[in-house]
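J.: Here is what each chain is made of, one letter per residue.
2 protein chains.
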Amino acid sequence: MPQYTPPLRDLQFVLHELVQVTESFKQMPVHAEVDVDTVNAVLEEGGKFAAGVVFPLNQSGDAEGCTLDRSTHEVRTPAGYKAAYAQYVDGGWPSLSCDPAYGGQGLPHVVNQCFYEMLNSANQAWTMYPGLSHGAYECLHAHGTPEQKATYLPKLTSGVWTGTMCLTEPHCGTDLGLLRTRAEPQPDGSYAITGAKIFISAGEHDLTENIVHLVLARLPDAPVGSKGISLFVVPKFLVNADGSLGARNPIHCGGLEHKMGIHSNATAQMVLEGAIGTLVGEPHKGLAAMFVMMNAARLGVGMQSLGLTEVAYQNAVAYAKDRIQMRALSGPKNPDKPADSIIVHPDVRKMLLTARAYAEAGRALCVHTALLLDQELSHPDEDVRRASADEVALLTPIVKAFLTDNGWIATSHCMQVFGGHGYIREWGMEQYVRDARINMIYEGTNTIQSLDLLGRKVLADNGKKLKAFGRRIAEFVEDAGVREDMQEFVNPLADLGDKVTKLTTELGMKAFGNPDEVGAAAVDYLRVVGHLVFAYFWARMALIALDKQASGDAFYTAKLHTARFYFAKLLPETAGLIRTARSGLNPLMAMDESLF
Amino acid sequence: MPQYTPPLRDLQFVLHELVQVTESFKQMPVHAEVDVDTVNAVLEEGGKFAAGVVFPLNQSGDAEGCTLDRSTHEVRTPAGYKAAYAQYVDGGWPSLSCDPAYGGQGLPHVVNQCFYEMLNSANQAWTMYPGLSHGAYECLHAHGTPEQKATYLPKLTSGVWTGTMCLTEPHCGTDLGLLRTRAEPQPDGSYAITGAKIFISAGEHDLTENIVHLVLARLPDAPVGSKGISLFVVPKFLVNADGSLGARNPIHCGGLEHKMGIHSNATAQMVLEGAIGTLVGEPHKGLAAMFVMMNAARLGVGMQSLGLTEVAYQNAVAYAKDRIQMRALSGPKNPDKPADSIIVHPDVRKMLLTARAYAEAGRALCVHTALLLDQELSHPDEDVRRASADEVALLTPIVKAFLTDNGWIATSHCMQVFGGHGYIREWGMEQYVRDARINMIYEGTNTIQSLDLLGRKVLADNGKKLKAFGRRIAEFVEDAGVREDMQEFVNPLADLGDKVTKLTTELGMKAFGNPDEVGAAAVDYLRVVGHLVFAYFWARMALIALDKQASGDAFYTAKLHTARFYFAKLLPETAGLIRTARSGLNPLMAMDESLF
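Chains as they are written, first to last, in full-length UniProt numbering: chain A, 1 to 596; chain B, 1 to 596.
If you are wondering where the hints come from, they were derived from the structure by calculation, not from laboratory data. Treat the hints with care, as some may be off.
[Stated by the list, open to error] Simulated pairs of lysine to any residue, SDA-like, Cα-Cα distance not exceeding 25 Å:
| # | chain 1 | residue 1 | chain 2 | residue 2 |
| --- | --- | --- | --- | --- |
| 1 | B | Lys285 | B | Ala196 |
| 2 | A | Lys337 | B | Lys464 |
| 3 | B | Lys464 | B | Asp336 |
| 4 | B | Lys227 | A | Ile324 |
| 5 | B | Lys321 | A | Ile324 |
| 6 | B | Lys285 | A | Ser594 |
[To be verified] Covered by chain A, per the in silico footprint, the following chain B stretches (three or more residues, Cβ under 8 Å):
| # | stretch |
| --- | --- |
| 7 | 7-21 |
| 8 | 49-59 |
| 9 | 79-86 |
| 10 | 181-194 |
| 11 | 474-488 |
| 12 | 557-563 |
| 13 | 571-585 |
[Unchecked claim] Per label pair, the in silico range of CB-to-CB distance:
| # | chain 1 | residue 1 | chain 2 | residue 2 | range |
| --- | --- | --- | --- | --- | --- |
| 14 | A | Ala554 | B | Gln186 | 23 to 33 Å |
| 15 | A | Glu506 | B | Glu506 | 29 to 39 Å |
| 16 | A | Ala554 | B | Pro56 | 32 to 42 Å |
| 17 | B | Gly463 | A | Thr505 | 39 to 49 Å |
| 18 | B | Glu478 | A | Ala590 | 47 to 57 Å |
| 19 | A | Ala554 | B | Asp322 | 38 to 48 Å |
Bear in mind the structure is a predicted one, so any value in this text is a computation, not a measurement. Each residue gets a CB set at the ideal place from its N, CA and C atoms; glycine is no exception.
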């Protein structure tokens, strides 16, 4: 019943007109040959795969879910999932941005991320199977021994094996320092790992012949806390020297979670009973090794909500144009019909435009950030690499938390457009809301993201990274501010920039007195900075749209209207948020715990 | 796994200390004997029933759902539902606020509503079976013929039969003027009704021997639109003259909806194939007859979200005290444990206090409004009845929309406190979020409520009703404003009152130019006025708490802290909302429909 059309025009606008990725690619030797046509061809084919193969399985997969056979510990994914994954592998999609040394196509991450936006629109739960795999690939690529790389990377690149990240345990999610899984050194240099992991996405399934688990555990001599955690690679089937599969490793799925959404992704409880693994990176440095892929993973979660926002928007627009109900307050707009389409009602448009404005600015931010990731990895100039890394560090918690909070708001609005029909499964809208909800939780809850932003990314270096982003804004304001037709965008952007500067200074002073002040203000602060970033991108997009309006392409007219909507109806939220951010810690802490 | 304790202390505070219901009861002859002890005894027993009988079925009912036997058209409710309903009937609970003339106990509606808050905390979907019944009772009580009353009211009062409201059809939900179900007059004065209804809550089930459907349909000579709709009572089984059950009436359940939440309430597609009914009220005046029970129904939906907010809060608090994870940013608070309870983290408290502040102010508003309903019905002074009716009219859309939007925010926050554990079914939190979502949709979407408030309740009488409520606030501000210790509450209340006055005037002027301006501002406007109402109740509650602090009862200390939290962290949302309300229609309508 739902529909999905890959937003190729807007992706191309962001990639080529706004961010101009190929200009950056030319400066990176490994990507210098990637031109506009290549990028567009990949996205066009990727969009066909997402819409044609993965999207039709989204509702049926949600209804069917995954099934665990408790006697064999094997998990069956919903009908069609295995065949779709085989097509994914046959099409070479897993290898898009992987290292050519292991069979990858070596395309920039930003291209892969745009492909993932479409996969997530099509079916977030299915997409998590290859998505999680990518995290394991990145981690082994950065920290694996030559043997580990030779054993695992070609298979993860081709996609014939998938990977997982086994971090969480029942008593520790956010606080991995508490974890208890133990790794005993074996005479042959391997480790026997015992413990219980929970919430392991794609932890067990029938899509591939082998699953490569990356597992956090403690060595016998490990210091307590987060400095005593090591990382191991633990395959479901051990791998023989010739690359063939050996014995079944005792790492089993002990149960599947029944969840609010993403039903068709197997969220596994994993039981390790002396499972054999090898150490990745140095002993006790496991957390640091995991964190190399954290920025990409968090960007990936932002992309999930971007994808859901886009597909929810498309469906809500189609319904709002089709459904007739009541007359416009200002008089009939379709007098020949018994009622007007509900898109004539201002609040229906407000809900639709909220989703649209969040999707389009979110896309701009994601592409901008993903390109910075490529620069961080592949730019020849060390200064550019460092500056890019700093900006990625600043923007990552915003991408993760702001986009997923917005995705929750937007999918709920799009569902509301359907009235009662939005609440029933048939129309597919309520699934988008249920699926979107997990994105605010995993890969670090949005509260954790906000503490990361305000505490570690902003205050810890006295605002250096924030000021660097502020210079981007200031330059744009100076350039565009001379234009009469840009005043409506540049003025509120500059004004909000000033307010963020003041707010940051004030919060820094308070935090100096009591570090808990960071926790009191961080969530509101992140949302304010998120709007600053969105206002910057919306102003830049408006500038392009103004310049190209003469072309007669209605795309730019729509872009301009959406920009104006954003500044009129969404940005003003910051007025309240700045007040609550400033209202401090005391209203939260004054009440004794016993009085709750 | 979840827990629920009826909030008797806070209910008593609101009933007896804040609203002082028994003072009002004394002025109403039919309720003059209802004293504090009676009210408390009913709520104590009602709380036991809700927590002890209905609450344990909430998760299992959600997991099992309802089942339709397509051969018999009969619906089976989840295990335990029928037995719980039998206990409900045996306990005399359906008759609490019903007319003694038909076997009711004649208690004030406000007492029944407080009982319903607890039932909704315990199990919203179960509670909808008796809840819907109450709507049918009210409607027949107001508009039924003596024969209809004699036939149906005693059975609805005792609860041995339940009732439904059959309004919506596939092509019309909000716009009932479009409905197509037809009623053909029969020689005996009855009508044969044919058509299809959807989204009929409790439309078919196995809890009772008969179901009394109130059905909207068109007579053959009916004018088009909403002025041609009549109301009929159509029992599942026809009723013989002696009150015994006769033939099965051809009104069948043709299907059940698969919904996001409230799984255990049967949402039925009802097929009428010449079902026999009798006319309720006058021909073509069916909508008006239905609307007599709309205020109570909308208050009831607000109560549903109040109930969910309360139970979600209780569970999130328990988890936040129990779960240890990370250290407070300001240093360990439980140094003897490996980590601190998460309630030490300011943002966890912010999420908890948001739910708490919304629940407690929502309870105050609901009790206040329900008492006004009693006054509207039972006060001997016509001026009081009229003033009460006006205030109910003003507050009803706020109760419905503001409380259900807040319930969505609050249940989602409470779920977030659980991190990943909130997303899985086991802990029960995600169910509260799924169940809460419908409340923003049914009984008139929240957008419809906002149009009702701004267009019909405020602007249509030039703000007369709003001004009357404003006088309540002004009197309180004048009285309490002389106290030094009330400045922190009275000043922001008075300030917001001024802003609402200005905003209302401005929107009235704009709407005069273009009625669509109402639709552009209404949702933001309702939320601003909702905060004004909450600020008023929080200031009043703070005043009582200040005066009683010396008693040493920690209840008042907690009340005061929650009031301060509300003013510091929730009220400031109005700063942004006023701006968006003022930003007008153009940003919404400028974009041509084809560009969406």
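J.: Indicate, hint by hint, whether the structure satisfies it.
T.: These are the hints, each one checked on the structure:
The suggested pairing of B/Lys285 with B/Ala196 holds, with an alpha-carbon distance near 20 Å, which does not exceed 25 Å. Between A/Lys337 and B/Lys464, the direct Cα distance comes to roughly 36 Å. Violation of the 25 Å bound is thereby established for this hinted pair. Annotation: proposed proximity of B/Lys464 to B/Asp336 is violated, straight-line Cα distance about 61 Å (limit 25 Å). With a CA separation close to 19 Å, the supplied pair B/Lys227 and A/Ile324 stays within the 25 Å bound.
Our distance criterion of 25 Å between C-alpha atoms is broken by B/Lys321 and A/Ile324, whose separation comes to about 50 Å. Distance check on the hinted pair: B/Lys285 and A/Ser594 sit about 56 Å apart at the alpha-carbon level, beyond 25 Å; violated. Proximity of the stretch 7-21 of chain B to chain A, defined as three or more residues with a beta carbon under 8 Å from a beta carbon of that chain, is not established by the 0 residues found. Counting residues of the stretch 49-59 of chain B whose CB lies closer than 8 Å to any CB of chain A gives 0, so the stated coverage by that chain is violated, three being the minimum.
By the rule of at least three residues with a Cβ nearer than 8 Å to a Cβ of chain A, the coverage given for the stretch 79-86 of chain B is violated, with 0 such residues. Evaluation of the coverage hint for the stretch 181-194 of chain B: breached, as 0 residues show C-beta separations to chain A shorter than 8 Å, against a requirement of three. Coverage of a stretch by a chain is defined here by at least three residues with a beta carbon nearer than 8 Å to that chain's beta carbons; for the stretch 474-488 of chain B and chain A the count is 0, and the condition is violated. With 4 residues carrying a beta carbon less than 8 Å from a beta carbon of chain A, the stretch 557-563 of chain B meets the three-residue requirement, and the given coverage holds.
Counting residues of the stretch 571-585 of chain B whose beta carbon lies closer than 8 Å to any beta carbon of chain A gives 11, which meets the minimum of three for the stated coverage. Here the CB-CB span from A/Ala554 to B/Gln186 is close to 58 Å, at odds with the stated 23 to 33 Å. Distance hint check for A/Glu506 and B/Glu506: the Cβ-Cβ separation is about 32 Å, which falls inside the suggested range of 29 to 39 Å. At roughly 58 Å, the beta carbons of A/Ala554 and B/Pro56 sit outside the given window of 32 to 42 Å.
For B/Gly463 and A/Thr505, the Cβ-Cβ distance of about 43 Å falls inside the hinted range of 39 to 49 Å, so the restraint holds. Evaluation of the 47 to 57 Å hint for B/Glu478 and A/Ala590 yields a failure: the beta carbon distance comes to about 28 Å. Between A/Ala554 and B/Asp322 the CB atoms are about 56 Å apart, so this pair departs from the stated range of 38 to 48 Å.
Violation of the numbered hints given earlier is confined to hints 2, 3, 5, 6, 7, 8, 9, 10, 11, 14, 16, 18, 19; the remaining hints are satisfied by the structure.
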